[in-house]
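Enquirer: Chain by chain, the residues run as shown.
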Amino acid sequence: DQQVKQNSPSLSVQEGRISILNCDYTNSMFDYFLWYKKYPAEGPTFLISISSIKDKNEDGRFTVFLNKSAKHLSLHIVPSQPGDSAVYFCAASVTQGGSEKLVFGKGTKLTVNP
Amino acid sequence: DAGITQSPRHKVTETGTPVTLRCHQTENHRYMYWYRQDPGHGLRLIHYSYGVKDTDKGEVSDGYSVSRSKTEDFLLTLESATSSQTSVYFCAISTLRGTAYEQYFGPGTRLTVT
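Quick note, the sequences are listed as chains W and E, same order. FYI, the numbering for the first sequence is 1 to 114, going by this note's numbering. FYI, the numbering for the second sequence is 1001 to 1114, going by this note's numbering.
These are calculated hints, taken from the structure and not from any lab test. Be aware that one or more of the hints could be misleading.
Only part of the chain W face toward chain E is listed, based on derived beta-carbon distances under 7 Å [said to hold, decoys possible]:
1) D31
2) Y39
3) G43
4) P44
5) F46
6) P82
7) G83
8) V87
9) G98
10) K101
Within a straight-line C-alpha distance of at most 35 Å, the following computed DSBU-like cross-link-like pairs (lysine-lysine) qualify [to be verified]:
11) K5/W / K56/W
12) K1057/E / K109/W
13) K37/W / K68/W
14) K5/W / K71/W
15) K56/W / K1011/E
16) K1057/E / K101/W
17) K54/W / K1011/E
18) K68/W / K1011/E
19) K37/W / K1057/E
20) K68/W / K109/W
21) K37/W / K5/W
For clarity, every value in this text was computed on a predicted model and none was experimentally measured. We put the beta carbon where it would ideally sit given N, CA and C, even for glycine.
For reference, chain W alone in the conformation it holds in the complex (with noise of 0.2 Å):
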């Protein structure tokens, strides 16, 4: 049973537009949210995060929305530029004092074309 659901495997926009990337959750005991971006051959790379205390987090180009009642997170890159293109995995946990175990969402490639 998927816990954390990217239901879109890739997204295609243009240079300059908004990238909007969803994710689904079902564990209602998940109180923390994060995004990661992916290059090839390389490791996952922290991009932002969320407590679901908060309904929005943002960080420069990038901003992340967390709508509890739904289980339903976004991550919003405007503008979006060719670097931002990767595989983004949406991940959540709860919270343990450190020794959390993240749960991973299957991922979404997005293609920046200029």
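Since the structure of chain W is already known, use the hints to place chain E on it.
Expert: This is chain E only, laid out in the frame that chain W set:
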């Protein structure tokens, strides 16, 4: 950069042989993790450690064992490699960032079992 290195970066081995992958960190992090990444599955937790000689199983632990005799090293062993263990393996550490723990990943080891 969380000071994580993995070795080897690439390995080809035959079915039935033992294989050990090493994760090394230089920043004295208490929590360390091993994940595998496969197409269509995202990242899945194999084992994790919450201190020297303290380890526990993750979601896909069958066929794997781990050891942590020093804070800086977390070893993943495939006692008898099988073709289903062909994958990319990532090590991660957990560190407190603000009020929440977040995970940072190493560069990965690509393992092929023939």
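Enquirer: List in ascending order the numbers of the hints, as given earlier, that are violated by the structure.
Expert: The structure conflicts with hints 1, 2, 6, 7, 8, 15, 17 and 18, although it agrees with all the remaining ones.
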